[in-house]
Structures are given as structure tokens and as C-alpha cells.
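Engineer: Sequence:
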Amino acid sequence: MLHRRTLLAGVPLAAASPSFAAPPPESFPKFVEAVKAEAAKAGIRRATLDRAFKGVTVNQRVIELDRKQPEFTLTWEQYRSRVVSEGRIAKGRELFAKHRALLARVSARYGVGPEPIMGIWGLESDYGASTGGFHVIEALATLAWEGRRAKFFRDELMDALRIIEAGDITPERMIGSYAGAMGQPQFMPDSYLKFAVDFSGTGKRDIWSDPGDIFGSVANYLAKSGWSGALPWGVAARLPAGFDPALAWREHRRKIADWQALGVQPGRPLAAEAMAAVILPGGAGGEAYLACHPNFLAIRRYNPSDFYCISVGLIGERVTA
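Using our numbering, read the sequence shown as starting at 8 and increasing by one per residue.
Take the hints with a grain of salt, since some may be wrong.
In the BS3-like style, the derived pairs of lysine-lysine whose C-alpha atoms are separated by at most 27 Å in a straight line are [unchecked claim]: (1) K211 - K48; (2) K37 - K61; (3) K48 - K37; (4) K105 - K211; (5) K75 - K158; (6) K48 - K158; (7) K211 - K43; (8) K262 - K231; (9) K48 - K201; (10) K158 - K231; (11) K61 - K48; (12) K75 - K105; (13) K211 - K201; (14) K43 - K61; (15) K37 - K158; (16) K231 - K211; (17) K61 - K158; (18) K201 - K158; (19) K211 - K61; (20) K158 - K43; (21) K43 - K262.
Source of the hints: derived by calculation from the structure; they are not laboratory data.
From just these sequences and the hints, can you work out the full model?
Structural biologist: Next comes the structure, spelled out in C-alpha cells:
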């Protein structure tokens, strides 16, 4: 979900063009009425629409944040030191102990262990402490009206309205990031509709405050993205002298037995037939990992950054150890 990340490392992020001109503010009410008309045709009740858009105006802070995404590249060492911090690990351990039994039930249902769930929860929202302070309908309406990525955000706005219509959350409680990523797992509305689950059986899919629904939704996301419960996300690896870094790429998958024949040693035992790719996040001569297929790619669907995927794995391992 590259569109909603403000700290993607390993790739430079291009800021929005400062010359892009938004429509005149007086056009926003007409835009909202057009959205309401479209939503009504899609079966969303007028009462739902009136409540969802009550008090909604153009949010200039949303536009500022969207246009000022950082233009920088963090090294792997810089990224890791920021996100795989001792504070985050300590906090995660406390919460894992608190929710161990619940996570075991989630894992049994979806075939996804607690490690990637805890890793994603920790990175996405600092275990629920940082979920964003924007009203999602206002943020999405602002970005859809502003027009730089109009279709994407209008589609997400329509999905957000469908979520409210279904009764899972009220407009007032639908809080998220400036780009509309919602709740503790930071799902965009489209992802919510596809992957969020009512694990707790309350009749609502509450990724804002219900731990069962939060963990279950992340697990369901990974399961439907191809996660294999028989494998970890990956393992640290030791490379032989003279290893050709051209072989290190997530698409260059080989059997573990084949990697071992080349002198690559996994940090812990893996099945000889398991498929993996060598990843060198800091480049040749730095740390090396064997990223297991399909699990590494399942995490990467959540966020298309190798740094993110490795960090999810490292946090999850340490928190649940």
C-alpha cells in the first residue's frame, strides 16, 4: 500500500508537484452532493450519507500532508534502528503476554502464527497507540475532491461509506490517517471490505478497538495473500565468501537445498524443499536473510518494502520469543 506510507525506506519518495492546483473551495459542496448521489444509486441510504458528511469540509492539513511526503531514502541500518527499537520490542512483549491465548485462537483459525501479526501490529500503529487523528470520510473526500489521485480516493470514499452503511462503525468513530488508513492494522477501506473479520462474534468488524477483530483481520489478510503456516517469514543467513550479490533478489527463488549447495547457510533449520530468496537489505557485505516463499511476499502485499517485511519478521520473532 505504497500510497499511504510516510516512512518507506529503500526507495526515494517523490513529493507531489507544488504546481498542482486544487479546485476552488466553493466547488466542494457540489462535489459532496455528486458523491452522495452516486452512493445513493449504489444502495446507501440517505440517512447514512447525511450523517457521514455532517460537518465535513475541505481539510487543508490533509492536502498539506499528502503533498509533502518526504523525499529521502533511509539506509537499512537507519530504518532498522528506528523501527526495530528496544522500546517497541519491550512493549510488544508485554502485549503478547496479555493476548497470548487470543492470538493462539486466531492462529488456529487462520494458520498464521502470532509472529507476523505482532510485527504488523507493532509497525502499523505502535500496537494501537498511533492510529491517526483524522475523520476518514473528511480525509478521503478532501483527497478525492482535490483531484491529484481523484479516482483512487473516490473509490476508497465509496468503500468507506459502504462500511458505515453495514453498521460496523459510525462516521464519528471512523478515525484513521490523513490518507484514510483505518484502525490499529491501518486498513484502507478497500482492504477492510476484503479482509476485515468479526473474530469476536459481536456482529461488527471492529479494527479500531477489538483485539480479536484486529488480530483476526491481519491474519485473514495474510492467509488470503498466500501465507503458509509451515514456514517462517524468513531467517537470517550466512553467505559464503565471494557470494555473487546478483543472486540476491526476492524474485530469485531457489530451494533451501540449492542455496546450501552454493554455501548459503540458514540461521536455523528449514526444509530442504522450501523455496526462498536471498535478501541483502543493506547491500553486499551487510546482513543477509533467506526470505521464505510465499510468506515474505504475503507481508510485502501489506506493504511493498523489503525493509518493512524484514522488520515485521524481526519484531515478531523477538516479541514472541
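Engineer: Hint by hint, say whether it matches the structure.
Structural biologist: Each hint, compared with the structure:
1. K211 - K48: This hinted pair holds, its Cα atoms lying about 24 Å apart.
2. K37 - K61: This hinted pair holds, its Cα atoms lying about 14 Å apart.
3. K48 - K37: holds, 17 Å
4. K105 - K211: Roughly 23 Å separates the two Cα atoms, so the pair holds.
5. K75 - K158: Distance ~20 Å between K75 and K158 Cα, so the pair holds.
6. K48 - K158: Roughly 18 Å separates the two Cα atoms, so the pair holds.
7. K211 - K43: Satisfied, since the Cα-Cα distance of roughly 24 Å is no more than 27 Å.
8. K262 - K231: Holds, at about 23 Å.
9. K48 - K201: Holds, at about 22 Å.
10. K158 - K231: holds, 26 Å
11. K61 - K48: Between K61 and K48 the Cα gap is close to 20 Å, so the pair holds against 27 Å.
12. K75 - K105: Not satisfied, since the Cα-Cα distance of roughly 38 Å exceeds 27 Å.
13. K211 - K201: It holds: about 14 Å lies between the C-alpha atoms, which stays within 27 Å.
14. K43 - K61: Within the cut-off at roughly 12 Å; holds.
15. K37 - K158: Holds - the C-alpha atoms of K158 and K37 are around 17 Å apart, at most 27 Å.
16. K231 - K211: Holds, at roughly 20 Å.
17. K61 - K158: This hinted pair holds, its Cα atoms lying about 23 Å apart.
18. K201 - K158: holds, 19 Å
19. K211 - K61: At roughly 23 Å apart (the allowed maximum being 27 Å), K61 and K211 satisfy the hint.
20. K158 - K43: holds, 16 Å
21. K43 - K262: violated, 53 Å
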